[in-house]
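Based on the hints, put chain Z in the right spot on chain Y.
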Amino acid sequence: MSKQEQHWNETRNLLFITLAIWFVFSIGIFLFGAQMEASSFRPLGYPLSYYMTCQGSLGIFVILIFWFAGRQEKIDEKFGFAEREDD
Amino acid sequence: MIKGKFIDNLPRVYGIYTGGFLVFIIIMAICEQAGMSAKAIGIAFVAFTVSIYAIIGYLSRTLQLDAYYVAGRQVPTVFNGMATAADWMSGASFVAMAGGIYFKGYGYMALLVGWTGGYVLVASLLAPYLRKFGCYTVPDFIGTRYGGNVARLSAVLVLTVASFTYVTAQINATGTIASVALDIPFGIAVYVGLASILICSMLGGMRAVTWTQVAQYIVLIIAYLLPVFWISNKMGAGFFPHLMLADEVARIAELESQFGLGTIKNTAADLATVPKGLAGITKAHSSVNATPWAFISLAVCMMAGTASLPHVMMRYFTTPSVKTARRSVGWSLFFIFLLYSSAPMLATLSKLSLMDPNLTTGIIGKSISDVQALDWYQNWNQANLMFVSDFNGNGTLDLNEFFMGGKAVVLATPEIAGLPYVISGLVAAGGMAAAMSTADGLVLAIANALSHDLYYKIIDPKADTAKRLIVARVLLVIIGFAGATIAAMEIQGILGSVIWAFDFAMSGLFFPLVLGVWWKRANSQGAVAGMLVGLAVGTWYLVHVRTGGTPIWGVSQLTFGIHGALASLVSMVAVSLMTKAPDSATQKMVDEVRIPSGKAILGRQH
Chain Y
892 MSKQEQHWNE
902 TRNLLFITLA
912 IWFVFSIGIF
922 LFGAQMEASS
932 FRPLGYPLSY
942 YMTCQGSLGI
952 FVILIFWFAG
962 RQEKIDEKFG
972 FAEREDD
Chain Z
27 MIKGKFIDNL
37 PRVYGIYTGG
47 FLVFIIIMAI
57 CEQAGMSAKA
67 IGIAFVAFTV
77 SIYAIIGYLS
87 RTLQLDAYYV
97 AGRQVPTVFN
107 GMATAADWMS
117 GASFVAMAGG
127 IYFKGYGYMA
137 LLVGWTGGYV
147 LVASLLAPYL
157 RKFGCYTVPD
167 FIGTRYGGNV
177 ARLSAVLVLT
187 VASFTYVTAQ
197 INATGTIASV
207 ALDIPFGIAV
217 YVGLASILIC
227 SMLGGMRAVT
237 WTQVAQYIVL
247 IIAYLLPVFW
257 ISNKMGAGFF
267 PHLMLADEVA
277 RIAELESQFG
287 LGTIKNTAAD
297 LATVPKGLAG
307 ITKAHSSVNA
317 TPWAFISLAV
327 CMMAGTASLP
337 HVMMRYFTTP
347 SVKTARRSVG
357 WSLFFIFLLY
367 SSAPMLATLS
377 KLSLMDPNLT
387 TGIIGKSISD
397 VQALDWYQNW
407 NQANLMFVSD
417 FNGNGTLDLN
427 EFFMGGKAVV
437 LATPEIAGLP
447 YVISGLVAAG
457 GMAAAMSTAD
467 GLVLAIANAL
477 SHDLYYKIID
487 PKADTAKRLI
497 VARVLLVIIG
507 FAGATIAAME
517 IQGILGSVIW
527 AFDFAMSGLF
537 FPLVLGVWWK
547 RANSQGAVAG
557 MLVGLAVGTW
567 YLVHVRTGGT
577 PIWGVSQLTF
587 GIHGALASLV
597 SMVAVSLMTK
607 APDSATQKMV
617 DEVRIPSGKA
627 ILGRQH
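These protein sequences, in sequence, are chains Y and Z.
If you're matching positions, the first sequence starts at 892 in the numbering used here and goes up one per residue.
If you're matching positions, the second sequence starts at 27 in the numbering used here and goes up one per residue.
Here chain Y stands alone, though its shape is the one from the complex:
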């Protein structure tokens, strides 16, 4: 397998992981809105369903993008496809 194919494979795997986490917090947990509301786990005292819609999922997305960007940069560097300063 060429270097470029390996790079793309790892990039694609990272995409799948990122999208899986994204799926859980944007779609998955909201299948269980009523259960979240009834849950005794109440972050900062808010009902869990309320908390996730107004802060929880949103904050996780912010962290997820920075994490994804960092990982992708590592993959690019590993295969020598990172940009040089003068590009």
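It should be emphasised that the hints constitute simulated quantities derived from the structure, not laboratory data.
Computed from a prediction, not measured in an experiment: that's the story for all the values here.
Do not rely on the hints blindly, as some may be mistaken.
Calculated cross-link-like contacts (lysine-lysine; reagent style BS3-like; alpha-carbon spacing at most 30 Å) [as the list claims (entries may be wrong)]:
1. K31(Z) with K546(Z)
2. K546(Z) with K965(Y)
3. K392(Z) with K894(Y)
4. K894(Y) with K309(Z)
5. K488(Z) with K965(Y)
6. K302(Z) with K130(Z)
7. K965(Y) with K614(Z)
8. K625(Z) with K606(Z)
9. K965(Y) with K309(Z)
10. K291(Z) with K309(Z)
11. K969(Y) with K546(Z)
12. K291(Z) with K488(Z)
13. K31(Z) with K894(Y)
14. K894(Y) with K969(Y)
15. K606(Z) with K546(Z)
16. K614(Z) with K894(Y)
17. K546(Z) with K894(Y)
18. K546(Z) with K625(Z)
19. K546(Z) with K349(Z)
20. K969(Y) with K625(Z)
21. K625(Z) with K614(Z)
22. K302(Z) with K969(Y)
23. K625(Z) with K493(Z)
24. K488(Z) with K31(Z)
25. K130(Z) with K309(Z)
26. K969(Y) with K291(Z)
27. K130(Z) with K31(Z)
28. K493(Z) with K614(Z)
29. K349(Z) with K260(Z)
30. K291(Z) with K130(Z)
31. K309(Z) with K260(Z)
32. K894(Y) with K965(Y)
33. K392(Z) with K130(Z)
Just chain Z now, kept in the frame of chain Y:
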């Protein structure tokens, strides 16, 4: 004070600007104490901020193509994040969102999840690859990746439909705020708003829009956060509202049952006396009140729409590199998060101020005549945003007898909570900044697509730089006027048209964009089918539901993008597989796009 290149001095320039704005707020506060009228303060706020944007727009004028189309590709990560956040957060986010949450609760908050989750798709699926491509506009990518004028034209069509739906709503919002703050009729205010929008973008294109958007973000975030923190502290709810309002949320639930929410219903005859556009509280504040499908389908549409809307995507064409484009998406979402996470807090504080009889601001349970005598009630009643009526004739105001317009939650809460008027002036300036910045981005996205993709690439490929830039500016003005004319007709509410814009964009562009990078086999015929079929099916479904047709799969007029995008995906894959695979040059181009290093596909000036 400022030496060297502008780009190197950005933190200092905007630091001074922010300090200057805070000083301006303090001066206004002093003027208010000295007896300046509320109206004069409102005018001062809007006039001061808009003239600053106009100065920035003038200073950023340019005669270069890459500066006009992509701000010279030198906008640093964090500043591009701020500009994107302003580009993104429209009049709807600023003025209407807290109101929507106030009235509809959990089901409405799907928009918060959708409008943030979409950025994960932007960062992982599209932005870095389109940045590597080196295109000026979104149709530029479609046209080059798939090849052929038909693909390019289809992309221009979808882009125009989606962005135009969106931009009329933003010009409408600009007009609404300008008419309230400057006290002029809406029909004129719309054109005042348009003039301010055009000043910011006409001379400098993307470069001017970038630097005004950063300035607008600073104004709008101060204008949103300051009242939220102030009210929370004044009420004793906690000095950091986002982390400390759990008791208040619980208290609202308690009051809701005490006041008989959901058990006492208004008769149709009573409701007929309520002015149009105003609503009472009919849904619980925090409990789950939507089916999982209703919530998720709305969130999915907003996420896919986010990834397909051209005015957001083209912001990532302005960063210096692929790496910075990726990081910049994270910063964009961070700056958006600051406002979005505050909207539910504002809705909570606003509702509690009105409902809690233990607070001096509470009006529910007070006598109707006392409420009608309140200064702020009279003001907002006159503005047609508030209404009370003693339906049951008991002399006191019950929860089901109080009605408010959605905009009032943001615009009137500072006054209701007893904050000085200077804050209301600030909020008006913030709303104006939010609506203007989004309108700027959208008008520019449409005008650039028409001038670059339609005029230069298809009609007159030999046009020189000067001619191209003149065409771009003329189109900008034409589109602005068309948008303002439609906005002045007030066909539709602000929020409704914004949501439609997302559905249109998702129907036509989501899969052609994503598969352009992630599926090498996708070809021109497939992409054209995907764009046109998606747009047609989406539009057909919207008309179908609007004209009383039975919804299919519980998809409403707000989520018609589900059917549009699905049709787009199916037709794109089917047609691609039935026709010839793209040639090896195209396949190689896709390979090139997938790695950050190396030359861009399209040259610096093209």
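Does K625(Z) lie within 30 Å of K546(Z) when you go C-alpha to C-alpha? Within the cut-off at roughly 20 Å; holds.
Is the hinted pair K291(Z) and K130(Z) satisfied, with a Cα-Cα distance of at most 30 Å? Since the Cα atoms of K291(Z) and K130(Z) sit roughly 16 Å apart, the hinted pair holds (cutoff 30 Å).
Report task. Assess, step by step, whether the Cα of K392(Z) is no farther than 30 Å from the Cα of K894(Y), and give holds or violated. Result -> violated, 74 Å
Check: Does K493(Z) pair with K614(Z) here, judged by a C-alpha cut-off of 30 Å?
Finding: violated, 33 Å
message: With the threshold set at 30 Å, check whether the alpha-carbon distance from K291(Z) to K309(Z) stays at or below it.
response: OK: K291(Z) and K309(Z) at ~12 Å, within 30 Å.
field: Restraint check for K546(Z) with K894(Y), where alpha carbons must lie at most 30 Å apart
entry: holds, 18 Å
Hinted pair K349(Z) and K260(Z), Cα distance within 30 Å:
violated, 44 Å
Report task. Take the C-alpha atoms of K392(Z) and K130(Z), compute the straight-line distance between them, and say whether it is at most 30 Å. Result -> holds, 25 Å
Hint consistency between K31(Z) and K894(Y) [alpha-carbon to alpha-carbon, up to 30 Å]: violated, 40 Å
Can you confirm whether the C-alpha distance between K31(Z) and K546(Z) stays at or below 30 Å? Judged against 30 Å, a Cα distance of about 42 Å means the pair is violated.
Notebook entry, point to check: Does the structure keep K894(Y) and K309(Z) at a Cα separation of 30 Å or less?
Noted result: violated, 57 Å
Starting from K614(Z), check that the Cα of K894(Y) is at most 30 Å away, please. holds, 15 Å
In terms of the numbered hints stated before, the structure departs from hints 1, 3, 4, 5, 9, 12, 13, 22, 24, 26, 27, 28, 29, listed from lowest to highest.
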